[in-house]
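Chains as they are written, first to last, in our numbering: chain V, 1 to 196; chain H, 1 to 224; chain G, 1 to 160.
Misleading hints may appear alongside valid ones.
[As the list claims (entries may be wrong)] Some, not all, of what chain G presents toward chain V, calculated at C-beta under 10 Å:
no.: 1; residue: PRO5
no.: 2; residue: ARG8
no.: 3; residue: ALA152
[To be verified] Derived list of chain G stretches under chain H, where covered just means 3 residues or more per stretch with a C-beta under 8 Å from a C-beta of chain H:
no.: 4; region: 9-17
no.: 5; region: 44-58
no.: 6; region: 67-79
[To be verified] Beta-carbon label-pair distances, calculated as ranges:
no.: 7; chain 1: G; residue 1: GLY155; chain 2: V; residue 2: TYR181; range: 35 to 41 Å
no.: 8; chain 1: H; residue 1: PRO121; chain 2: G; residue 2: PRO65; range: 32 to 38 Å
no.: 9; chain 1: G; residue 1: THR3; chain 2: H; residue 2: ASN3; range: 40 to 46 Å
no.: 10; chain 1: G; residue 1: PRO158; chain 2: H; residue 2: ILE177; range: 45 to 51 Å
no.: 11; chain 1: G; residue 1: THR3; chain 2: H; residue 2: THR107; range: 48 to 54 Å
no.: 12; chain 1: G; residue 1: GLY81; chain 2: V; residue 2: ARG194; range: 36 to 42 Å
no.: 13; chain 1: G; residue 1: ILE15; chain 2: H; residue 2: LEU85; range: 52 to 58 Å
no.: 14; chain 1: V; residue 1: VAL46; chain 2: H; residue 2: LYS97; range: 47 to 53 Å
no.: 15; chain 1: G; residue 1: LEU56; chain 2: H; residue 2: GLY116; range: 46 to 52 Å
No lab work stands behind these hints, which were simulated from the structure alone.
Quick caveat, the model's predicted, so the values are computed rather than measured.
The beta-carbon is built from N, C-alpha and C at its ideal position, and this holds for glycine as well.
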Amino acid sequence: MTMDQFLGLYNYWIVIFLMMTGFYIVIARENLIKTIIGLNIFQTSVFLLYITMGKVTEGTAPIIRNGGGHHEEEHGAAEHVGHAALGREVELGHSVSDVSAIQHASYLENTNPPASPPLDGLADATATSGALEQNTHIVAEYQGVIYSNPLPSVLMLTAIVVGIATTALALALIVRIREEYGTIEEDEIIELDRNS
Amino acid sequence: MMNFIVIPILLLLALTAVTVARIRNLWAAVMFTGIYSFLGASWMLILDAPDVAFTEAAVGAGISTILMLATLSLTPRKRHQDGHLQSDDFDEKPRKKSPVWPLLVVTITGFALIYGTFDMPHFGSPEAPIQVYPDPSFISKSQHDMHGLPNVVTAVLAGYRGYDTLGETAVIFTAGIAVLLILRRAPNEGLKHADQESEVVAAANLINQADENSDGELTQEADS
Amino acid sequence: MNTFPIIRVITKVLIPYILLFAFYVQFHGDFGPGGGFQAGVIFAAALILYGLVYGLPALQMVAPPRVVEKLIALGLLIYGGTGIACMLLGGNFLDYNVLEHHFLTELPAAIDFLPGEGPHHFLPEGQHLGIFLVELGVGITVTAVMTMIFYAFAGREPVA
Numbered sequence: 001m002t003m004d005q006f007l008g009l010y011n012y013w014i015v016i017f018l019m020m021t022g023f024y025i026v027i028a029r030e031n032l033i034k035t036i037i038g039l040n041i042f043q044t045s046v047f048l049l050y051i052t053m054g055k056v057t058e059g060t061a062p063i064i065r066n067g068g069g070h071h072e073e074e075h076g077a078a079e080h081v082g083h084a085a086l087g088r089e090v091e092l093g094h095s096v097s098d099v100s101a102i103q104h105a106s107y108l109e110n111t112n113p114p115a116s117p118p119l120d121g122l123a124d125a126t127a128t129s130g131a132l133e134q135n136t137h138i139v140a141e142y143q144g145v146i147y148s149n150p151l152p153s154v155l156m157l158t159a160i161v162v163g164i165a166t167t168a169l170a171l172a173l174i175v176r177i178r179e180e181y182g183t184i185e186e187d188e189i190i191e192l193d194r195n196s
Numbered sequence: 001m002m003n004f005i006v007i008p009i010l011l012l013l014a015l016t017a018v019t020v021a022r023i024r025n026l027w028a029a030v031m032f033t034g035i036y037s038f039l040g041a042s043w044m045l046i047l048d049a050p051d052v053a054f055t056e057a058a059v060g061a062g063i064s065t066i067l068m069l070a071t072l073s074l075t076p077r078k079r080h081q082d083g084h085l086q087s088d089d090f091d092e093k094p095r096k097k098s099p100v101w102p103l104l105v106v107t108i109t110g111f112a113l114i115y116g117t118f119d120m121p122h123f124g125s126p127e128a129p130i131q132v133y134p135d136p137s138f139i140s141k142s143q144h145d146m147h148g149l150p151n152v153v154t155a156v157l158a159g160y161r162g163y164d165t166l167g168e169t170a171v172i173f174t175a176g177i178a179v180l181l182i183l184r185r186a187p188n189e190g191l192k193h194a195d196q197e198s199e200v201v202a203a204a205n206l207i208n209q210a211d212e213n214s215d216g217e218l219t220q221e222a223d224s
Numbered sequence: 001m002n003t004f005p006i007i008r009v010i011t012k013v014l015i016p017y018i019l020l021f022a023f024y025v026q027f028h029g030d031f032g033p034g035g036g037f038q039a040g041v042i043f044a045a046a047l048i049l050y051g052l053v054y055g056l057p058a059l060q061m062v063a064p065p066r067v068v069e070k071l072i073a074l075g076l077l078i079y080g081g082t083g084i085a086c087m088l089l090g091g092n093f094l095d096y097n098v099l100e101h102h103f104l105t106e107l108p109a110a111i112d113f114l115p116g117e118g119p120h121h122f123l124p125e126g127q128h129l130g131i132f133l134v135e136l137g138v139g140i141t142v143t144a145v146m147t148m149i150f151y152a153f154a155g156r157e158p159v160a
């Protein structure tokens, strides 16, 4: 096992460790509240799994820096191409295929800005792997800046809030169980059910 | 290049999770869960997901902790005569069974999953399937479609995945209504009581009749 | 909590800023990190903090349960209503492009500091308006649900 492999996969191992800790709490403990805590830990580890997958080396948060000074100067040409494409797109009246074609074209022109340090590093990486020798373009890159993938963020954002809503539902059920059975220990509840 | 502050955060994250698993006092466990959420949020921030990070901080460390504490205060193991509670009223019951079997199951599952990760794309790789699939990516797409909405997460959340978010909002709505339905009833009118049970049966009969009969008869039933 | 004057005073100082931050997160969510889900949770956190320190009756005077439980449905209605409005204007469900409008969106020359030829559009019309409304609906529902859940748990009498 190489150092390269360790640095490439350590995030999954951390997530798996947290996931298994949550799993252990769920199956080994009989207190209902402790079980919910275990489920929460499991759930958070899944959020972390998704978020780590969206990360790109040298990337930044998916919030576009536009209207600012230095990008305008650095990639002025690229921006003009983009704006021209945007103008054409409006003329064409949002016809889907045309728009995507223009997007792709303007996009490809945007991808090789003059001397952008992060892109150079990544271009080297891809060249060594030999996968994309010609016309290397990094999908996560826009106007010379690499952005991490926004999609995992979107999915996990809603999952967190839905998670707390369902956790609240589970806790409400636990409150009712305590009122009816007088205990929140699983084995005692089963015992009470058998005897009734 | 690696951001080295991530190492202590990850160690603390693992340590907190293990502490939660080991600790018997539920108050302490809930507090550690809050800490765990904060540490998770810190890692998310390093992983370029500020939106998720501060949702996790507000939800996991804030509201979730408060709800768990509220539940704990309603579910002590015993309640003393004068109404005062001590911290050991919130201890878990000592277990008789040994934890060997659960540990074995968890270890085997964990190693199976770790074996599976050897095929996974490496951390931060720009060639990972998730990074190459929508091409042009949502980032460049949204800059054209949304005329330069800076936060792509919001653009995808409310724009491209609007249906999905509507569904998620409906789930939150439903969960909220369900909590209200469960907890609104006063504690001593539980389903245990006989009259309550007959009420349930009557309601079930009513629904059955409503399926068979017309609407007019249903209102008659409800009136009587 | 009557015996903790420091907590009471600090809470009163903090709550306006938490609420302000929630509004910032809600309405600035298109530009910086944020959006309806986060804003709703932060807003509810401010209300819950008030309830924890000053007691449930004080909080229920600020946010009456009768009103809050209607807000749960209102938020979802705003979201769905935006979709229906798009359909009525001739688009698909939640197709914000048909909400395109040009009034109130041109940046006045006095504050037009953006580079390049003006006039600049202050809000990029349809898509932006749609996202704004949808996020508002999400924010209202999340706030109301979290507050109602807190009411349900905090208002419950413990049994022996």
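Okay, the hints, checked on the actual structure:
Hint on G/PRO5 is violated. Least Cβ distance to chain V is approximately 32 Å, over the 10 Å limit. The restraint placing G/ARG8 at the interface with chain V is violated, with a minimum CB-CB distance near 27 Å, outside the 10 Å limit. At its closest, the beta carbon of G/ALA152 sits 7 Å from a beta carbon of chain V; the interface hint therefore holds under the 10 Å criterion. Coverage of the region 9-17 of chain G by chain H is violated. Counting CB-CB distances below 8 Å, 0 residues qualify, and the rule asks for three or more.
By the rule of at least three residues with a Cβ nearer than 8 Å to a Cβ of chain H, the coverage given for the region 44-58 of chain G holds, with 4 such residues. Check result for the region 67-79 of chain G against chain H: holds, 6 residues qualifying (beta carbon to beta carbon below 8 Å, three or more required). The hinted range of 35 to 41 Å is not satisfied by G/GLY155 and V/TYR181, whose Cβ atoms lie roughly 22 Å apart. At roughly 49 Å, the beta-carbon separation of H/PRO121 and G/PRO65 lies outside the given 32 to 38 Å, and the hint is violated.
Checked against the given bound of 40 to 46 Å, the beta carbons of G/THR3 and H/ASN3, roughly 44 Å apart, stay inside it. At about 24 Å, the CB distance of G/PRO158 to H/ILE177 disagrees with the hint of 45 to 51 Å. Remark: the range hint 48 to 54 Å for G/THR3 to H/THR107 is upheld by a beta-carbon distance near 49 Å. Restraint check, G/GLY81 to V/ARG194: a C-beta distance of roughly 51 Å breaks the suggested window 36 to 42 Å.
For G/ILE15 and H/LEU85, the Cβ-Cβ distance of about 28 Å falls outside the hinted range of 52 to 58 Å, so the restraint is violated. Distance hint check for V/VAL46 and H/LYS97: the Cβ-Cβ separation is about 28 Å, which falls outside the suggested range of 47 to 53 Å. In this structure, G/LEU56 and H/GLY116 meet the distance hint of 46 to 52 Å, their C-beta atoms being roughly 49 Å apart.
Of the numbered hints listed earlier, those contradicted by the structure are 1, 2, 4, 7, 8, 10, 12, 13, 14.
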